[in-house]
Amino acid sequence: MQVRFSEDERFPAWKITFLQYVVAASFVAFLIGYWQLQIGRHQALLLQAEHNRIRNLPVIAPRGRILDRNGQIMVDNFPAFTILLNREDPTLLSKTHLQKIAEGLGLDPNDVEEMVKRSAKLPRFQPIVLKQSATIEDVAFLESHRLEFPEIDIIQGQQRFYPKHGVAAQVLGYVGEVSQDDIAKPNSPYHPGDVIGKFGIEKEYNSVLRGRDGMQRVVVNSRGQEVGTLSTINAIPGHDLRLTLDLNLQMTAEAALGDQPGAVVALDPRTGEVLAMASHPTFDPNDFIRHIDLKTWKKLTTDPLKPLMNKSIQAQLAPGSVFKIITSAAALETGTIKPDFNVFCPGKITIYGHTFHDWIWKEHRGHGMVDLHRAIVVSCDVYFYTLGKLLGIREIDYFATHLGLGHRTGIDLPDEDSGLIPSPAWVEKHFHRRWWPGETISVAIGQGAVQVTPLQLAYAIGGISSGGVFARPHLAFRKELLTLGMDPPAHAETSFPLKEGTVAAVTQGMWGVVNEGGGTGGGARRPGLDIAGKTGTAQVVSIQLQDSAHREKYRSNAWFVGYSPSPNPQVVVAVLVMQGEHSSVAAPIAADVIKAYYQEKGIKPSTPQLMSERRDGRKQGSVAAGQ
Amino acid sequence: MRKSLNFRDFDWLLLGLALAIAAVGILEIYSTTAQTALASQYKRQIYWIILGCVLTLVISQIDYHLILEQVPWLYLLSIGILLAVLVVGPRVAGTHRWLQVAGFTLQVSELVKLVIILGVAALFAERRNKAVTWGELVKLGLLAGVPGILVALEPDLGTALTYLPIVAASAFLAGVKRRQLVTLGLIGVLILPIGWQFLRPYQRDRLEAFIHPKQDVQGSSYQVTQTKIAIGSGGLWGKGLGNGTQSQLGFIPVSHADAIFAAFAEERGFVGTLFVFLLYLALLLRLLDAAQTTADRAGCFLLVGFTAVLFFQVAVNVGMMIGWFPITGIPLPLMSQGGSSVLFIFLGLGLAMSVKMQRFVN
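Protein chains in written order, with the working numbering: chain A, 94 to 720; chain B, 44 to 405.
The following block holds chain A by itself, in its conformation from the complex (with noise of 0.2 Å):
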C-alpha cells in the first residue's frame, strides 16, 4: 500500500493549544490532590503510616517463684508463647477474620469476640493476650499463615508450672486469666488477658508474686515480621516468696493422709508458722494454667469430696472429744472443778430427762470412777456431759471463743471458714428460739452445732499446751514480707494466759491419751518420741440414725491432734479423717508427722529412759493431783 501525503491542510492550530491546556489543566488538578495529602493531611497519614510499622508488645514480667522454707521449689515457671492480637486496625477486628483465627488455634471463636469486645475500651496500640501458653501447633499454624494474620504476634511469655502437681495444691492455689470483674474494680491495674492469683497463696500474695509487664516498641514490616526495636522498657519480674511450709513434712503427711478425705495440719504453735498443710482429694493446678477444660471442671466442682476445698481451713465440722480439752481448761479456770473431782461413768447418764450415751456404752459398760486426767484419757463421755452441766454454755462459749476457736485464725490465705462455737444469743438470732438445757451437754464433747476446722484445733490445742499462748497461724513469713513492701498483720499472737495448774493438767491428760495405758490415742505412740494429743470422733448424725443407715454415707469424722514435746509443743498436727469411724485412724498419721518433723530437725528420739523417767513422774504427779 502507497501512502500518499498531503502538505498543505493542517489542523486548526486551536485544537492543539486546546490539548495543552487539559495537560497543563490535568496537572494542576493533580498538584492539588497531592498537596491535600502530602500537606493537609500529612499529620493524620504520618500517624497512620507509624501505626502500620510500630507495635507495642507487652515484655511479660515472669511471675515470683513459691519456694518452701528450706528453699525447694514448690512453683515454677517454665517459658512458653503468648499469643497476642493487635487491635489498630479495626478492619482485621471483623467476625469472620476472628473466626479463622480462633479455629486455627482452637478457641471457642465466641470467646474471642467476646475478649475483642471487652477489651474496647483498652487504647488502640495496647495488644491482647489471645491464647497464653501457646502450643507449639499454634504456633505453628499463625507462622504459616503470616500473611493472612498481619495482626497477630507472638512473643515469649512464662507459663506457671508446679513441679509437685497435687501437693499442697490447695494452698498453693492456682493461676488464671484475670476475670471481667476484676478488670472493672476501680484503679485496676490488669488487663484482658493477665495471668493472676485465683486461689490459695498464688490470689493471697498475687500482688508480691506479680511482676510488672515491660513494653517494647517494634518496627514490623506488612506481613507483620520484626524488623528492628525501637525501645524497650524492660520487665520487673515478680518477687519469689518463701513459704513456713516444709515440702517434706507436708509430702509426708500427704503420704500419711493416702487415699482417705480429711486434712492434716502441722504448725510450730510458738510462731503460728504453717509447716504442712494437707488436703485430700488433691487436684493438679496445671490443668488450670491453660484454659481449664469443661470436663475437668465438672469433675472437680461436681465431686462431693471437693478436691478443690482447703479443708484444712474450709471444713468446718464437729470437733468431737477434742473439745473436751476446751470444756476441761474452761471447768478448771473458773474454778467449777479440781483436777481431782471425781465421777462415775456407768455408760450412760440422764440430765433434764433426757438420757446421754458414753461412746463405751455400745460395748455395754462404763469407765467407771474417773478423774479428769482419766476422763481425758479414755475420753468418758459421761465426765464431760457432767462438767457441761455444771459450767454452763456461756462459760463454754467464753472459752471456746478464747481458745481460738469459733472465728478466723487469721492466716494468709484466702477464704478461711470461721467455724461455730453454739450460744442462746446464736441461736435465738438463727432459730428464733431459746437455747435448751440439754444442747449444753452435747456441746460439753464437742457435739451438736459446734464446728471447727482442722486448722483452728491445731491452733487451739498449740495455744492451750504452750500455756495460752496462740500465735496466728501463718504461711508467708512478716519478716520477708516486710522487705517486700507489704504490710502484714502486725499482732503475732494472741494471749489468754491459763493457770499453770490448768496447762498441767490438760497437757498430761492428753501424754495420757497417747503413753497411758486405755488412752485413746496409742495409735500415735512413737518409742523415744514424747507425743501428747486428743482424739476425737464426731458423729455425723446421731446414733440411732447410724445403725439404721447405710453405714457408708453416715460414718463418724476420726480426729486427732498431737503435739510433740508435751507441754510448751514446737509443733502441733491436727489430723482430720473425713469418714474415719474411729479416731484410731487419724492418730497414726500425726505421729508419723510428727516423727517426721524431728527427723527434719536432725534430732534423734530421745532414749528409752528419759522416757520411763517422765511416765514415773507422771503417774506421781496423777497421784498427787488426786491426793
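Do not take every clue at face value.
[Claimed, not checked] Reference listing, derived: stretches of chain A covered by chain B, where coverage requires no fewer than 3 residues with Cβ under 8 Å from a Cβ of chain B:
{"#": "1", "stretch": "119-133"}
{"#": "2", "stretch": "136-149"}
{"#": "3", "stretch": "308-318"}
If you're looking for bench data, these hints aren't it; they were derived computationally from the structure. Note that the structure is a prediction, hence the values are computed from the model and not measured. Beta carbons are placed, not taken as given, at the ideal position from N, Cα and C, and that holds for glycine.
Please build the complex by placing chain B on the supplied structure of chain A, with the hints as guidance.
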C-alpha cells in the same frame, strides 16, 4: 531520506527531560529494592534506558514516512504475535503477557501501542475533510479494538485501556461531530453492563473497591489506602531516600513498578512531587508544541497519538495512587521499572524526533 546523520534539529531538551525523569525513577527503584531480592533491578533499568536512547537516536534519523509504509505488515505481525502470546506464551502469575526474545521477556502489548499510533497516522494521513465519517470511526475502532481485545484477554486490561487515548485523541484531531459523540456515548453506556460480565473477579473487586473504598480495606482498596498513607506521610520534604516506611516495609505492593510514584512521594515529599510533575508537564507540552509545526497530518497524528498515551498513563497512574481512579496495571512512563515500557517510550520519542526533524524537509 537523508544521506548522512544530522542532529542539528534534534530536540536535546526533549531527550533531556525524559532522561531526567528516568534518573529520578532509577533512584527510586534503587531505594525501594535495595534491601530486597530485586536489588539489581535498577541496573537492568539503566541498561534498558541506554538501549532506549540508542534507539531514539537511530529512529530519529529515519524518515517516518518510510516507517508508515511498513504499517500494514507491522500491524498484521502484531496481531499474529498477540495471538501467539495468548495461545503459547509463558504463563506468569496467571496471565499470558510476555514473549521470550533472546533471553528477555518482552511485553508485546507495550510495543503494539506504537503500531496502533502508526496505523492511525496512516489511516488519517490522506484525508482532508473537516470531520470524520462514520466509516472512518469504525475503521479507527477496529484498528485499536482488535489488538485491544486480544490484550484484554491476556488478561491485561490496563494496557488495553492505554489504546483508548490514541483513538480519542485522533478522533478529536480529525474532527468528531457532536452527534457522533452522543451516539458513541450511548453505545458505551449500553456496552458497559456487558463488559462487566467479561471482567475477571479481581478486576471487578478493584472497580467495586474504587466505588466503595471503605467497605473492604484489607482487600482491593487496601492498596489505595496504603499508597495514600505513603504519599500523605511524606509531607512537604519527604522522609528521605530509603527511609519511606510504607514502601520499605512492604505496605505498598510493587513499589518499584506500578506504585513507584507513591514510594517516591513518600520519600521525596510534596517538593519531589512538584518537581516530577513539572518535568512531565514540560515533556508533554513540548511534544504537543512539536505537533503544532509538523510538516503534514501524519506527523501530527503520530505526535498527538504518542503524547495522548503518555499523558493518559501518567494521569491514570498518578491519579490512582491518590484514589481518583481504580487500581489498574498501568505503569508510570519513564519511572516504573520495566523494559518493555521503556522501549515503547524511547521508540516513541525517536518517532517524535523524526517528525520534528522532517518538518522543514521536502
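Okay, the hints, checked on the actual structure:
no., hint, in the structure
1, 119-133, "holds (count 10)"
2, 136-149, "holds (count 8)"
3, 308-318, "holds (count 5)"
In this structure, every one of the numbered hints holds.
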